[in-house]
Amino acid sequence: MTLADGDGSEASDGSDASLDPETARDRVAAAVEVGDMVTVFGRCTVEYEGRAASTLGPGDRLVVLKPDGTALVHTDEGQKPVNWQPPGSTHAVDVSDGQFRVRSRRTAPDEQLLVAFERVDRVATFDVTDRRDRSLTGTEADLRRRILDDPDLVEPGFEPLATERETPAGAVDVYGEDARGRTVVVELKRKRVGPDAAGQLARYVEALDRDLHADAEVRGVLVAPSVTERARRLLAEKGLEFVSVAPPA
Amino acid sequence: MGHRALVAYRRDADSPDSDAGSDADADPAAEDARYDLHRSHWGGAGFALVDHVSAETPYATDTQFAVDPDPVATDCSLADAASDHLDYLHHEAFYRVSPDYEVTAYHVLWFGLEADADAVDHSETVGHGALVEAHPRDSDYVRGWFRGAKEVVGEMVDRDALGRADALGTLADRVETWADDRGVVVPDR
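Going down the list, the protein sequences come from chains F and U. Quick note: the first sequence uses my numbering, first residue 1, plus one each step. Quick note: the second sequence uses my numbering, first residue 1001, plus one each step.
Treat the hints loosely; a few may be bogus.
Said to hold, decoys possible - Which stretches of chain F does chain U cover? Using the computed rule of at least three CB atoms under 8 Å from a CB of chain U, they are:
1. 26-35
2. 164-172
3. 194-203
Said to hold, decoys possible - Far from chain F, by Cβ distances over 12 Å, these chain U residues were calculated:
4. Asp1068
5. Asp1075
6. Asp1100
7. Ser1123
8. Asp1138
9. Tyr1141
10. Gly1144
11. Gly1183
Unchecked claim - To give an idea of the interface, some chain U residues facing chain F are shown, with a C-beta separation under 7 Å as derived from the structure:
12. Leu1037
13. His1041
14. His1090
15. Ala1115
16. Asp1140
17. Arg1174
These are computed hints drawn from the structure, not numbers from a lab. Every value quoted in this text rests on a predicted model; they were computed, and no experiment measured them. Yeah, the Cβ is synthetic: ideal placement off N, Cα and C, and Gly gets one too.
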């Protein structure tokens, strides 16, 4: 399904066909929540904070938010974006001082991209998941294969020991050890996930904690393209970790 | 949640684990129908088993979505499966397979509110949710809608606008209302 608002031809001559900030916020928030791809075109400023800091003054730009957490800011020139965030970042939107704002954040390293629109000409959202669902590519099993072939994707030194290992809470996807010999439970998700996935992983970790000897340390790692902000908070509360890995294309 | 699936095969007629007589014309959703339950670790992926379970490949063997041929329970009603055997957090999908291998997929919606309400520390995972017939084209929308519904109900619990029992009733009502003419299974509580 594709949803679009605004009219580029009217907006380009400066008429008032633009979207109000609340509508833009609601439309983009709903699309991000369900994992749609989002494009926003309008006049905006861009601020980046992280390993460096930079600011782009007001200009007409195209912002692309992908379900895997990627954020891109394009102008009308060049093939590369003028600013971006990599896969695994978290998209959040709000309205502040009458401006629709997109905040894209990653935590390791801590980087933030803030795009503030003084005018939104067009918002379009695209459900691009069905095509992949119906084919056999990009499934959980492919993601498992990818992790087993290259365990360093989870973290350097991770060693998978078993797949679908049973626990009292059910079978876990990948069971292994980290470089320090600690037990690691890996839960694989091929799509952006919400808080229940964090709760699910917590149950597996708790079950193994009870099952293994008393001084065994059990870590839980959720591997997925991206997580919602709420899921990220819940993972942190429960001492669980998140690694951004997407299934093979 | 999870990408695991629980698969209910109708025991009547030619189902793999039954010697009962032919009943292929019977209503596959009849209340007195009996099922055997099987697990699939990856079968919840995009409701893939809708396309991979057939009379020729009843367990989707040789696919990455294979169903374990050893049943986890036998001779269950659909209500038994939903109330006593399905873990609504562990499983992402539920399938009902008719005697002629027509496959109906269901979303597994967990009613646990521990991620949505500070007042809720722990929720049961078995018998604590609802099944809603899935239409694969809008599966992402359903998950997003239900996630939002839980967030709202969780907030109402935290603000003492709803007790926990009322919260469950509200979620069940919302699911049944939203589902409209889709099949819904809610465990007896």
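So, going through the hints one by one against the coordinates:
1. 26-35: Holds, because 4 residues of the stretch 26-35 of chain F bring their Cβ atoms closer than 8 Å to Cβ atoms of chain U.
2. 164-172: Held - the stretch 164-172 of chain F has 4 residues with a Cβ nearer than 8 Å to chain U, which meets the minimum of three.
3. 194-203: holds (count 8)
4. Asp1068: 10 Å, violated
5. Asp1075: The claim stands: Asp1075(U) keeps its Cβ more than 12 Å from every Cβ of chain F (closest is about 23 Å).
6. Asp1100: 23 Å, holds
7. Ser1123: 8 Å, violated
8. Asp1138: Violated: least Cβ distance 8 Å, not greater than 12 Å.
9. Tyr1141: Tyr1141(U) not clear of chain F: closest Cβ-Cβ about 6 Å, inside 12 Å.
10. Gly1144: 4 Å, violated
11. Gly1183: Holds, because the least Cβ-Cβ distance between Gly1183(U) and chain F comes to about 21 Å, which exceeds 12 Å.
12. Leu1037: 14 Å, violated
13. His1041: The hint holds - His1041(U) has a Cβ within 7 Å of chain F, the shortest such distance being about 5 Å.
14. His1090: Holds, about 4 Å.
15. Ala1115: 4 Å, holds
16. Asp1140: Where the cut-off is 7 Å and the nearest Cβ of chain F is about 5 Å from Asp1140(U), the hint holds.
17. Arg1174: Interface hint status for Arg1174(U): violated (17 Å vs cutoff 7 Å).
In summary, the structure is inconsistent with hints 4, 7, 8, 9, 10, 12 and 17 from the numbered list given earlier, while agreeing with the others.
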